Amino acid sequence: MKCWHLSAGVYLWLAMCLWGCGSAFAIELIQNRENLAVNLAQRVPSPIARESLKKGVNQNKAPLEKAGSGEQTQSRIRQLSEIELTHTSARMFVQSPAQQTLPVPEVVQVTSVKANPTNKGVEVILQTKRGQQLQLVNRSAKNNFIVDIPNAQLHLPSGDAFTFRSDKPITGITQITVINIDANTIRVTVTGEASLPIVELYDSANEGIIFSVASISLSTSPQTQPSQPSASGDEPIELVVTGEQDGYRATDASTATKIDTPLRDIPQSIQVVPRQVLEDQQTRTLAEVLRNVPGIAQAGSSRDTYELPLIRGFFAGLDIKRNGLRNISNLYQGFDRAGIDRVEVLKGPASVLYGQGSLGGVINNITKQPLSDPYYALETSAGSFNFYRGAVDLTGPLNPSKTVLYRLNLAAQTTESFVDFYEQQRYFVAPVVSWQLGDRTKITFSGEYQVRPEKNGATGIPVEGSVLLNPNGKIPRNRSTAEPFNTTDTSALRVGYDLEHRFSSNWQIRSAFEYSSFQRYKNDPFNIALAEDERTLSRDYSRGVNDERNYGIETYVVGKFATGSIRHQLVTGFNFTKHTDNTTNNNGELAALDLFNPVYGRQQSPVTDRTNYFSFTDILGIYVQDQVTLTSNLKLLLGLEFDTFNQTSGERFGNTEQKDSSDAFSPRVGIVYQPIKAISLYANYSRSFNPNTGRAFDESAFEPERGTSYEVGIKGDVSNRLSATLAFYDLTRSNVLVTDTRPGVPPGFSIITGEQRSKGIEFSIAGEILPGWNIIGGYAYTNAEVTNDTNFSLVGNLLNNVPKHSFNLWTSYEIQSGCFRGLGFGLGLFYVGERQGDLDNTFTLPSYFLTNAAIFYKQDRFQASLNFKNLFDVNYFESADSRVNVFYGDPFTVQATISWEF
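Quick note on the numbering used here: the sequence shown kicks off at 48 and runs consecutively.
Any given hint might turn out to be false.
[Stated by the list, open to error] Simulated pairs of lysine to any residue, SDA-like, Cα-Cα distance not exceeding 20 Å:
1. 502 - 470
2. 305 - 673
3. 305 - 554
4. 706 - 750
5. 521 - 646
6. 706 - 782
7. 724 - 773
8. 521 - 930
9. 449 - 222
10. 706 - 662
11. 806 - 755
12. 851 - 890
13. 502 - 649
14. 607 - 487
15. 502 - 591
16. 625 - 666
17. 607 - 552
18. 502 - 365
19. 905 - 323
20. 607 - 306
21. 449 - 489
22. 607 - 673
23. 502 - 936
24. 905 - 818
[Stated by the list, open to error] Per label pair, the in silico range of CB-to-CB distance:
25. 420 - 889: 57 to 67 Å
26. 820 - 636: 51 to 61 Å
27. 647 - 519: 13 to 23 Å
28. 911 - 448: 36 to 46 Å
29. 922 - 710: 42 to 52 Å
30. 919 - 748: 53 to 63 Å
No lab work stands behind these hints: they were computed from the structure. Since the model is a prediction, treat every value here as computed from it, not as a measurement. Don't be surprised by glycine CBs; every beta carbon is placed ideally from N, CA and C.
Given these sequences and hints, build the entire structure.
Next up, the structure:
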């Protein structure tokens with residue numbers, strides 16, 4: 048009965064709205080859909096338009112009834128160019144109404160608004176959680192074509208209010224906006240510059256609801272407007288309203304090309320970990336985030352000051368970006384989820400756009416940006432080992448016209464660990480202000496400040512007594528080889544701006560600048576060697592200060608143009624980085640430690656060695672990239688960067704100094720072929736560049752380290768909510784700097800004869816399997832080995848800390864209806880295979896299998912969750928960096944989180 052009353056209300060409301068058109072017309076609306084279409088067509092001035100309405104009814108019988116009846120149907124949204132449409136000159140078409148049986152749907156949450164380029168212009172997609180039907184009511188006012196969706200609200204998965212705006216997307220169109228106008232209504236507005244825009248609405252059960260907005264020349268009067276969208280020069284815009292879900296699935300990324308590009312059009316493997324995954328898993332470190340990406344291992348401890356990821360076997364700690372900007376200090380800057388919107392990982396060389404870097408890939412942290420509607424969120428957590436955390440997220444407009452927006456993220460965290468004496472605090476603040484200077488210009492100012500005092504950081508234990516047997520027994524995993532007074536205090540500051548200006552609908556420029564500083568005050572212990580009794584550990588200490596400053600600027604132009612039928616999207620620009628590093632060390636000996644009967648607090652020796660290292664580095668890169676669309680299903684990606692590197696380094700106390708310089712060209716060539724829209728076949732060739740610094744015996748300058756990558760793969764949409772990627776790659780790292788062991792060469796010299804190779808397969812999948820059931824997972828086979836070295840005993844050895852086999856899976860399900868609606872569960876399974884503990888391959892870290900779980904409840908703007916990590920308390924090793932530094936992983940932990948949104 049409830050559904051009958053709702054349906055009756057809809058038709059009563061429609062009848063009242065059309066009362067002015069005559070009571071007979073209102074009766075026709077309720078009784079006969081086909082007759083209504085004919086009558087509507089008679090009221091449209093164009094004869095062609097009347098025929099279009101008649102055909103639309105006959106060919107697409109009541110496309111809205113299916114969603115109203117609860118039937119879950121999902122159809123692929125084809126591009127406008129793929130649909131055979133009837134050309135009309137009508138200024139407005141009205142969607143065909145549904146039959147009497149259509150109930151009024153509940154208020155639908157639109158979880159995202161995305162703008163994707165198409166061969167017609169741009170495609171704007173309103174995405175909902177379950178693909179519910181969206182009602183449409185359209186009208187015109189002055190130069191505005193307005194569509195109201197009275198049963199929907201813009202609401203991101205996190206609860207953020209959201210507004211989409213596109214300024215001057217094509218000639219004659221001033222703006223397209225998608226906003227909330229009240230608690231139950233979304234409004235889509237298309238504003239013409241000189242007159243009412245030509246808008247045609249096509250309603251199809253298979254294609255969804257498509258608005259074709261024709262470009263209007265400023266000199267064209269309303270009487271002489273074109274009768275159909277222009278096919279040349281000024282292309283139309285498509286607005287598609289559909290029911291896709293992308294909580295765990297990303298459709299585009301900017302890391303691979305500097306501009307938002309559909310993942311299916313990128314001829315390189317790239318994975319995105321969205322914010323929804325970070326929140327569902329309650330990630331604390333970047334290492335936990337990267338567990339969701341196949342092919343990534345860790346070279347350090349989760350308690351380390353630094354982030355030490357390995358991508359496809361190669362170290363990528365210096366390739367952690369922030370919003371695409373290069374910063375050599377990112378290795379030390381630290382990670383806090385409070386300021387992160389998503390993490391994008393590009394596999395393979397990225398020197399073609401980012402200059403010097405690892406052969407393995409790039410990790411790009413995309414930060415949260417201001418929103419035009421007020422949104423406030425509070426979060427508090429508590430967990431095992433005295434873990435406490437609080438976070439605040441505030442955003443909204445600073446003026447009535449909403450041209451100045453802000454966002455402020457704050458977080459404070461304190462925790463201990465299963466390791467004795469370990470303590471860490473973290474304080475994080477990240478303000479952002481964006482200012483829309485005009486229709487075409489926007490500038491964003493951002494800052495970030497993080498302080499991390501830490502006691503007894505990442506100190507490992509020897510392999511004997513942990514991985515290998517020790518005659519004295521097993522070393523407890525809580526054993527600390529540091530002293531209670533060992534501390535490390537770090538602080539990191541970033542400030543910068545990001546300026547974007549659009550010259551026209553096809554050309555724009557972006558210029559971004561960032562200054563960062565990093566200070567580290569340390570009193571660190573170091574494990575040196577295990578005595579013959581296999582229980583006495585000798586140790587050293589290093590006290591000092593590490594002070595780094597980084598200045599980075601990047602400016603590039605993006606342009607779209609065509610050469611005949613071939614379309615181009617050009618990106619060309621430069622990046623410049625200036626980095627300074629000053630590090631002072633005061634070194635001495637710590638008292639030896641009995642690992643099975645430790646006595647702490649003994650007097651350390653006086654300083655025995657002092658050093659003061661310095662370096663001044665300048666890196667300039669100039670690049671050009673062209674995304675070429677040969678046909679709608681065949682695309683090329685061509686790129687080339689030239690880098691020049693100059694560094695002056697030395698040690699002040701020893702009065703030594705040396706200069707290093709190098710330059711290199713780094714190309715990339717990729718091709719994408721799409722036999723059908725859901726499938727992309729791609730191939731890629733690219734090279735990386737990394738400068739080599741050190742001393743050659745003949746005092747010659749070192750050539751830079753080079754990386755060469757070949758990759759082929761397939762990307763596919765399993766459904767319109769679920770995507771997968773399968774990649775095969777072959778990477779070669781050449782000119783690797785190794786110790787010069789030739790006869791007659793004294794110690795301290797290097798030579799570039801080393802070579803390493805990594806071959807493998809990666810599979811990843813992400814998205815929504817069924818309504819409310821999300822998944823992100825993958826598998827990686829990585830065979831990384833030494834292929835050449837001056838130490839011939841290393842040739843053929845596997846690279847350390849790189850498992851041949853690894854597997855990751857995280858899946859969550861949220862109940863969609865009924866009394867338990869909003870209740871959800873998450874399950875994570877993570878497998879890491881055997882790894883070599885050192886490059887000499889003298890010991891092997893065993894494989895491990897971790898199980899994580901979560902229980903959460905979401906109701907309106909309240910959310911509570913319980914996260915369980917290492918559910919079965921598996922005793923495992925994260926990594927090792929030598930025979931005296933093996934790092935245990937965290938035991939079973941519990942974390943409770945409550946958040947409110949306003």
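The hints, checked one at a time:
At most 20 Å may separate the alpha-carbon atoms for a hinted pair to count; residue 502 and residue 470 meet this at roughly 5 Å. For the given pair, residue 305 sits about 11 Å from residue 673 by alpha-carbon distance, which is consistent with the 20 Å threshold. Restraint check for residue 305 and residue 554: satisfied, since their Cα atoms lie roughly 14 Å apart, inside the 20 Å limit. A distance of roughly 14 Å separates the Cα atoms of residue 706 and residue 750; the hinted pair therefore holds under the 20 Å criterion.
Between residue 521 and residue 646 the alpha-carbon distance is near 18 Å, which keeps this suggested pair within the 20 Å criterion. For the hint linking residue 706 to residue 782, the alpha-carbon distance of about 19 Å falls within 20 Å, and the restraint holds. As the CA atoms of residue 724 and residue 773 are separated by approximately 17 Å, the hinted pair is consistent with the 20 Å bound. Taken as a hint, the residue 521 and residue 930 pair is honoured in the structure, with Cα atoms around 15 Å apart against an allowance of 20 Å.
This hinted pair checks out: residue 449 and residue 222 have alpha carbons roughly 15 Å apart, not beyond 20 Å. Among the hinted pairs, residue 706 with residue 662 is consistent with the structure: their alpha-carbon atoms are about 10 Å apart, no more than 20 Å. A C-alpha spacing of about 12 Å is found between residue 806 and residue 755, which places the hinted pair at or below 20 Å, so the restraint holds. About 15 Å separates the Cα atoms of residue 851 and residue 890, which keeps this hinted pair within 20 Å; it holds.
Under the criterion of a C-alpha separation no larger than 20 Å, the hint pairing residue 502 with residue 649 is consistent with the structure, at around 17 Å. A hinted pair counts as satisfied when its Cα atoms are at most 20 Å apart, and residue 607 with residue 487 qualifies at roughly 16 Å. With a C-alpha separation of about 15 Å, the suggested pair residue 502 and residue 591 falls inside the 20 Å cut-off, and the hint holds. Proposed proximity of residue 625 and residue 666 is supported: the alpha carbons are some 7 Å apart, at most 20 Å.
Our distance criterion of 20 Å between C-alpha atoms is met by residue 607 and residue 552, whose separation comes to about 9 Å. Note on residue 502 and residue 365: the hinted pairing is violated, with a Cα-Cα distance of about 25 Å set against a maximum of 20 Å. The hinted pair formed by residue 905 and residue 323 meets the criterion: a straight-line CA distance of about 13 Å does not exceed 20 Å. This hinted pair checks out: residue 607 and residue 306 have alpha carbons roughly 12 Å apart, not beyond 20 Å.
A threshold of 20 Å between alpha carbons decides the hint, and for residue 449 with residue 489 the separation of about 12 Å falls inside it, so the pair holds. Annotation: proposed proximity of residue 607 to residue 673 holds, straight-line Cα distance about 10 Å (limit 20 Å). Distance hint between residue 502 and residue 936 is fulfilled; the C-alpha atoms sit about 18 Å from each other, no more than 20 Å. The hinted pair formed by residue 905 and residue 818 meets the criterion: a straight-line CA distance of about 15 Å does not exceed 20 Å.
Checked against the given bound of 57 to 67 Å, the beta carbons of residue 420 and residue 889, roughly 59 Å apart, stay inside it. Residue 820 and residue 636 have their C-beta atoms about 58 Å apart, which keeps the hinted 51 to 61 Å range intact. Distance hint check: the CB atoms of residue 647 and residue 519 are about 19 Å apart, consistent with the given range 13 to 23 Å. Distance hint check for residue 911 and residue 448: the Cβ-Cβ separation is about 38 Å, which falls inside the suggested range of 36 to 46 Å.
One distance hint, 42 to 52 Å for the beta-carbon pair residue 922 and residue 710, holds here, with the actual separation near 49 Å. Distance hint check for residue 919 and residue 748: the Cβ-Cβ separation is about 54 Å, which falls inside the suggested range of 53 to 63 Å.
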